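**Q** The chain contents come next:
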Amino acid sequence: MTRAPVLRFGPLDLERWFLWGSVPLVLAALPLVFSRGFALTLLSQMGIMVIFALSYNMLLGQSGMLSFGHAVYSGLGAYFAVHALNLIGKGALALPVSLLPLVGGLAGALFGVLFGWITTKKSGTVFAMISLGIGEMVAACSLMLPGFFGGEGGVTANRQAGPAVLGITYGPAVQVYYLITVWTLLATVAMFALTRTPLGRIANAVRDNPERAEFVGYDTHVVRFLQLVLASFFAGVAGGLSAINFEIVTAEAVGVMQSGGVLLATFIGGAGFFVGPILGAVIFTFFVVAISAMTKAWLLYLGLFFIAMVLFAPGGIASVLALNLRAARAGLLRRLAPAYAAAAAAGLAALAGFVALVEMTYHLKLEAVNDPVLRLFGLALDVRAGVPWVGAAIVLLAGSALYWRAWKRVRARWNEVHERLGERGA
Amino acid sequence: MEFFLVTALNGASYGLLLFMLSSGLTLIFSMMGVLNFAHASFYMLGAYFAFSISVRIGFWPALALAPVAVGAIGMLVERYGLRAVHRYGHVAELLFTFGLAYLIEELVHLVWGRLPVDYRIPPELDGPLFTVYGTSFPIYRGFMMLVSVAMLAALYLALTRTRVGLVIQAALTHPRMVEALGHDVPRIFTLVFGGGAALAGLAGVIGGNAFVTEPGMAALVGAVVFVVVVVGGMGSLAGAFLASLLIGWLQTFSVALDWSLASALAGFGITLSAGSFLAELAGITVSQAAPVLPYLLMVLVLIFRPRGLMGTRE
Numbered sequence: 000m001t002r003a004p005v006l007r008f009g010p011l012d013l014e015r016w017f018l019w020g021s022v023p024l025v026l027a028a029l030p031l032v033f034s035r036g037f038a039l040t041l042l043s044q045m046g047i048m049v050i051f052a053l054s055y056n057m058l059l060g061q062s063g064m065l066s067f068g069h070a071v072y073s074g075l076g077a078y079f080a081v082h083a084l085n086l087i088g089k090g091a092l093a094l095p096v097s098l099l100p101l102v103g104g105l106a107g108a109l110f111g112v113l114f115g116w117i118t119t120k121k122s123g124t125v126f127a128m129i130s131l132g133i134g135e136m137v138a139a140c141s142l143m144l145p146g147f148f149g150g151e152g153g154v155t156a157n158r159q160a161g162p163a164v165l166g167i168t169y170g171p172a173v174q175v176y177y178l179i180t181v182w183t184l185l186a187t188v189a190m191f192a193l194t195r196t197p198l199g200r201i202a203n204a205v206r207d208n209p210e211r212a213e214f215v216g217y218d219t220h221v222v223r224f225l226q227l228v229l230a231s232f233f234a235g236v237a238g239g240l241s242a243i244n245f246e247i248v249t250a251e252a253v254g255v256m257q258s259g260g261v262l263l264a265t266f267i268g269g270a271g272f273f274v275g276p277i278l279g280a281v282i283f284t285f286f287v288v289a290i291s292a293m294t295k296a297w298l299l300y301l302g303l304f305f306i307a308m309v310l311f312a313p314g315g316i317a318s319v320l321a322l323n324l325r326a327a328r329a330g331l332l333r334r335l336a337p338a339y340a341a342a343a344a345a346g347l348a349a350l351a352g353f354v355a356l357v358e359m360t361y362h363l364k365l366e367a368v369n370d371p372v373l374r375l376f377g378l379a380l381d382v383r384a385g386v387p388w389v390g391a392a393i394v395l396l397a398g399s400a401l402y403w404r405a406w407k408r409v410r411a412r413w414n415e416v417h418e419r420l421g422e423r424g425a
Numbered sequence: 000m001e002f003f004l005v006t007a008l009n010g011a012s013y014g015l016l017l018f019m020l021s022s023g024l025t026l027i028f029s030m031m032g033v034l035n036f037a038h039a040s041f042y043m044l045g046a047y048f049a050f051s052i053s054v055r056i057g058f059w060p061a062l063a064l065a066p067v068a069v070g071a072i073g074m075l076v077e078r079y080g081l082r083a084v085h086r087y088g089h090v091a092e093l094l095f096t097f098g099l100a101y102l103i104e105e106l107v108h109l110v111w112g113r114l115p116v117d118y119r120i121p122p123e124l125d126g127p128l129f130t131v132y133g134t135s136f137p138i139y140r141g142f143m144m145l146v147s148v149a150m151l152a153a154l155y156l157a158l159t160r161t162r163v164g165l166v167i168q169a170a171l172t173h174p175r176m177v178e179a180l181g182h183d184v185p186r187i188f189t190l191v192f193g194g195g196a197a198l199a200g201l202a203g204v205i206g207g208n209a210f211v212t213e214p215g216m217a218a219l220v221g222a223v224v225f226v227v228v229v230v231g232g233m234g235s236l237a238g239a240f241l242a243s244l245l246i247g248w249l250q251t252f253s254v255a256l257d258w259s260l261a262s263a264l265a266g267f268g269i270t271l272s273a274g275s276f277l278a279e280l281a282g283i284t285v286s287q288a289a290p291v292l293p294y295l296l297m298v299l300v301l302i303f304r305p306r307g308l309m310g311t312r313e
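Chains as they are written, first to last, in numbering that gives the first Met the number 0: chain A, 0 to 425; chain B, 0 to 313.
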């Protein structure tokens, strides 16, 4: 039997090539602009989170497996990497530090093989519960085996270990930033390429209709298992990078918070799109690193943001962007723009009122004994007086009412645009 | 012998408490297909509400009021939260309850602080119930068992002997048919969700002062309750009962034992060289391994009996 030649044609998508081609250049130039330590830390952590969230989406978005224990693989990868780093420091292991994430990745994949076979028997709710159980098991083990997990204090290491290859010592933070950037780009390209392989395509089929995939002749269990092992590898790479970045790995790395965090990041970004987890990782890291430094209520904001996304935009930010991009391509965005502007203004006002109320509550609860005055939006608010509370409540209520009206207009306009798009598509 | 008896009773009281949680979770799961991640958060809310009520008007009113309040919150959550995400499928529902658990924990931090609160056993229930050869069994443990058993009997009678219970049972398996017969199935869902939340709240009221009332209590119990549901078989009430008691005993007995593999090997005259990884592994006592045992049991059940002890579906 001869195979029919596959014909491929289509316009060379210059726009896309240009967009993605410019990403490495921008990332390489960023340290020249943001030379402050804080910005570099933020960018480095974003890079690690991008790999972690993308690997998570190999399960959630591409294979339909909702995991509550993905930190097991990144955390164990981080532990193996940090122990390997200590071996390098002792001179017992001849490996350049730049390749350390590979150690983490292999360790992650090893545990993926170990746990994956039983966890991937089923997808859906059963998989979710089992992954949670495995996550809890490893987290409980971390306190039981202080020799490997380092007990309460964790395992520390020094990343300036071993001979400097090509003069890279990882002393300055910039070098770590470039290491993370290179690994992030490599991992992103690799994971994107994986979505185009037969395995990646069949994983989508298993997600959408497992029964039919079985009838076509694929073992859904094996497909899910392979996806999990590959995802564990990349999670381990992220863990290895975090070991180099922080030079310490604690039991939190395998903990429930970490597993929940990557789920939040991926979902907020949008599990249905390849770029979704990238967006989500950037936003999530911004919350964790930047907003947590600004306010004590950041977990409340993150939780509310997540619930709002589940309720109103279950496709994530990427899906909202994709919809608008489609409208923009058709030149219909300017019909939406005025409604958007009105909704944004009203929404910001409501948000300001809400934030003021939340911040005042936290301040009253936690710090009012020392200093009853809260500084917010350039105002000095005395949380013991009634005026700021009433004012914030009025702003919130008025903003919400205006937002409600503006949102109705946005929806009406959207319906118009949607009809137009439908006509063009037909 | 007295060690065995008292530990068995303690284990049973803990197991019954777990069943109060897992029964609600199982009912909600089999009826709506929703795995309620926030279920243990309702347990926590029950404990905190009971604490706040008991410092003002006493423990007994709290025993009645706190579960009702938690149940009301559960109904509101179902009506205005879960029902809205229902059209996006089960994963969205699961994620919604996951976010809710996050939020409830943060609100508890805000209202009651991050440290454990001083929620105490009422003085009339403090003290030993009986003493066997020097080991005493506290009254409160007996009271916990009494409340759990009474509640379970009430639940059983309500499900099998009342009209509402029969409609709920029918809606478990044939929701479409029940709807066609003119019953408001969404309202039944709200009722069941609220009822499950109230049960969890009651478990919190009686469990909060027996253990510790702190913001981490939901996460601590929540994972164990999920293990119970998996081990017992998804959607099986009888399986949940069996698994609850099993895990209750497993945890209480294992905490009390300080045997280890090394001591067992030493009994055969084998000693491992100190310092090696194997020696560290073998030196772990059963009591140190106690937190891991439920999850290990879950993994074993999944390998050898994937549908759970009493489950009908895999």
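In short, the hints are calculated from the structure, not lab data. These numbers come from a predicted model, not from an experiment. Just so you know, even glycine gets a beta-carbon here, dropped at the ideal spot from N, CA and C. You may find that some hints are simply not true.
Simulated DEER-style distance windows between Cβ atoms [unchecked claim]:
#1 A:TRP406 / B:GLU178: 29 to 35 Å
#2 A:GLY330 / B:ALA83: 32 to 38 Å
#3 B:GLY126 / A:GLY123: 47 to 53 Å
Subject to a maximum C-alpha distance of 20 Å in a straight line, what follows is the list of computed EDC-like cross-link-like pairs (lysine to aspartate or glutamate) [as the list claims (entries may be wrong)]:
#4 A:LYS364 / B:GLU105
#5 A:LYS364 / B:GLU213
#6 A:LYS364 / B:ASP117
#7 A:LYS295 / B:ASP117
#8 A:LYS121 / A:ASP207
#9 A:LYS295 / A:ASP207
#10 A:LYS295 / A:ASP370
Some chain A residues close to chain B (C-beta under 8 Å, calculated; not the full set) [as the list claims (entries may be wrong)]:
#11 LYS120
#12 ALA127
#13 MET128
#14 LEU131
#15 GLY132
#16 GLU135
#17 MET136
#18 ALA139
#19 MET143
#20 PHE191
#21 PHE305
#22 ILE306
#23 PRO313
#24 ILE316
**Q** Compare the structure with each hint and give your call.
**A** Each hint tested on the structure:
no.: 1; hint: A:TRP406 / B:GLU178: 29 to 35 Å; verdict: holds, 32 Å
no.: 2; hint: A:GLY330 / B:ALA83: 32 to 38 Å; verdict: holds, 34 Å
no.: 3; hint: B:GLY126 / A:GLY123: 47 to 53 Å; verdict: holds, 49 Å
no.: 4; hint: A:LYS364 / B:GLU105; verdict: holds, 13 Å
no.: 5; hint: A:LYS364 / B:GLU213; verdict: holds, 17 Å
no.: 6; hint: A:LYS364 / B:ASP117; verdict: holds, 18 Å
no.: 7; hint: A:LYS295 / B:ASP117; verdict: violated, 24 Å
no.: 8; hint: A:LYS121 / A:ASP207; verdict: holds, 14 Å
no.: 9; hint: A:LYS295 / A:ASP207; verdict: violated, 41 Å
no.: 10; hint: A:LYS295 / A:ASP370; verdict: holds, 16 Å
no.: 11; hint: LYS120; verdict: holds, 6 Å
no.: 12; hint: ALA127; verdict: holds, 6 Å
no.: 13; hint: MET128; verdict: holds, 5 Å
no.: 14; hint: LEU131; verdict: holds, 6 Å
no.: 15; hint: GLY132; verdict: holds, 5 Å
no.: 16; hint: GLU135; verdict: holds, 4 Å
no.: 17; hint: MET136; verdict: holds, 4 Å
no.: 18; hint: ALA139; verdict: holds, 4 Å
no.: 19; hint: MET143; verdict: holds, 6 Å
no.: 20; hint: PHE191; verdict: violated, 23 Å
no.: 21; hint: PHE305; verdict: holds, 4 Å
no.: 22; hint: ILE306; verdict: holds, 4 Å
no.: 23; hint: PRO313; verdict: holds, 5 Å
no.: 24; hint: ILE316; verdict: violated, 15 Å
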